[in-house]
Amino acid sequence: MPGVLAEAPPNRSRDWETALVRNCQSGDPEAFRLLVERYQGRVFAIAHTLVRSHQDVEDIAQQVFTKVYFRIRDFDLRAALITWIYKITINECYNHLRKYRPHRMVCVAEMTEAEAYQMENVPASDPSPQRRAELAQMVSLLLGKVSQEERLLLLMKEVEGYSIEDLARMFACNENTVKVKLFRARRKLAQLARKKLLRRR
Amino acid sequence: MGHHVQEQLDDYLAKLLDSAAHANFELHVAGCSDCRDALTAAREARQCMEWLAPTEAPPQPGPDFYYRVAESIEQKRTTGWFGTLAATMRPRLAYPLAVLGLLLVAWTFTYDSRDAEDGLIAMEYPASEFAQMIFSDADEALGQDLVMRTLVELPEEN
Chain A
38 MPGVLAEAPP NRSRDWETAL VRNCQSGDPE AFRLLVERYQ GRVFAIAHTL VRSHQDVEDI
98 AQQVFTKVYF RIRDFDLRAA LITWIYKITI NECYNHLRKY RPHRMVCVAE MTEAEAYQME
158 NVPASDPSPQ RRAELAQMVS LLLGKVSQEE RLLLLMKEVE GYSIEDLARM FACNENTVKV
218 KLFRARRKLA QLARKKLLRR R
Chain B
134 MGHHVQEQLD DYLAKLLDSA AHANFELHVA GCSDCRDALT AAREARQCME WLAPTEAPPQ
194 PGPDFYYRVA ESIEQKRTTG WFGTLAATMR PRLAYPLAVL GLLLVAWTFT YDSRDAEDGL
254 IAMEYPASEF AQMIFSDADE ALGQDLVMRT LVELPEEN
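Protein sequences, first through last, are from chains A and B.
Positions in the first sequence are counted from 1; adding 37 to them yields our numbering.
Positions in the second sequence are counted from 1; adding 133 to them yields our numbering.
What the hints contain is simulated information worked out from the structure, not anything from laboratory work.
Small disclaimer: the values here were computed from a predicted structure and weren't measured.
Where is the CB? At the ideal position from N, CA and C, for every residue including glycine.
Do not rely on the hints blindly, as some may be mistaken.
As the list claims (entries may be wrong) - Simulated DEER-style distance windows between Cβ atoms:
| no. | chain 1 | residue 1 | chain 2 | residue 2 | range |
| --- | --- | --- | --- | --- | --- |
| 1 | A | K232 | B | D197 | 40 to 50 Å |
| 2 | B | A186 | A | A116 | 41 to 51 Å |
| 3 | A | E186 | B | L236 | 40 to 50 Å |
| 4 | A | E67 | B | L235 | 40 to 50 Å |
| 5 | A | R70 | B | K148 | 33 to 43 Å |
| 6 | B | Q193 | A | S63 | 27 to 37 Å |
| 7 | B | A186 | A | E186 | 19 to 29 Å |
| 8 | A | P166 | B | E140 | 31 to 41 Å |
| 9 | A | A56 | B | H161 | 46 to 56 Å |
| 10 | B | Q193 | A | P166 | 18 to 28 Å |
Between the sequences and the hints, there should be enough to build the whole structure, so can you do that?
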């Protein structure tokens, strides 16, 4: 279980979070500083997953917390705070990728057949770090084509390693709903990957 | 059939099913093409997502990170709504659009007044006579009636 949730029992963590959000909503600067210090590590990690450049990660994280500051009044505490922060982070990452895509992102259509085959069949540990970064960017591009909620779920489950139970708690829904949504998200991603990567074989 | 997969698929992939449930799942998948397709899709998606997991540790926020956030907040506060709009739209689009908007507003205001003045000059009416031309409510109603009648009684063209 990732750090933010693992540190305290669910109920205590939830109470702490509610108090923190309420204080931030009432404009307490110390509460906001605490929020930044608590979640900055997770924001850096998820931004680094999608955007590999260190400098960009820091800029994105800065933007994320600026948005959190201005929008926290609208946060209604129905879902977990970290889910809301993840959502803002992922949107910010995709805004960034869209903005700089012509210079930094490899286009899936430019892949050779061998590369497409490698992406689907070579174990994740095999290619060079450079190649791996390129392939990661391609998956980022594919993820950009599923819905916002599906993208968030896939990243939190497959990359961040949250369990179904955690996700149900964080999204404020039951476990079966999470399973069904996850199932649909995976199916859509697989269809996109097949369409984009395999049609040229 | 699909219902079974949706409930157990994740536990199967995470190897969390006990041996009996695991065997039942595989037996079910072997005989059900829908579930087999669902399992294949889930495996492919997980394989894709594996590429995203970074091999190197993410950068750590520096000790002055909070101050940078505070600066950014302050900057956003001072720029106001136009600054936010400009940041959203990219400055190279926002500024020309703002100038265009201002020109449009200026043109709208100047157009009406100039048009009215030109109209008066063209009719060569002194201001006192023009004031008398304003219709009373009764005249206006009569005018509408006249228009209606004209429309109704208009003979059809051959």
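Outcome of the hint check:
A hinted range of 40 to 50 Å for the beta carbons of K232(A) and D197(B) is consistent with their spacing of about 45 Å. Range check, A186(B) to A116(A): about 24 Å between beta-carbon atoms, so the 41 to 51 Å window is missed. For the pair E186(A) and L236(B), the beta carbons lie near 42 Å from each other, so the given range of 40 to 50 Å is met. Separated by about 43 Å at the C-beta atoms, E67(A) and L235(B) satisfy the suggested range of 40 to 50 Å.
Range check, R70(A) to K148(B): Cβ separation about 42 Å, and the 33 to 43 Å hint holds. Taken as a hint, the range 27 to 37 Å holds for the pair Q193(B) and S63(A), whose Cβ atoms sit roughly 30 Å apart. Checked against the hint of 19 to 29 Å, the pair A186(B) and E186(A) passes, with Cβ atoms roughly 21 Å apart. For P166(A) and E140(B), the Cβ-Cβ distance of about 39 Å falls inside the hinted range of 31 to 41 Å, so the restraint holds.
The hint said 46 to 56 Å for the Cβ distance between A56(A) and H161(B), and at roughly 47 Å that hint holds. At roughly 19 Å, the beta carbons of Q193(B) and P166(A) sit within the given window of 18 to 28 Å.
Checked against the numbered hints above, the structure violates only hint 2.
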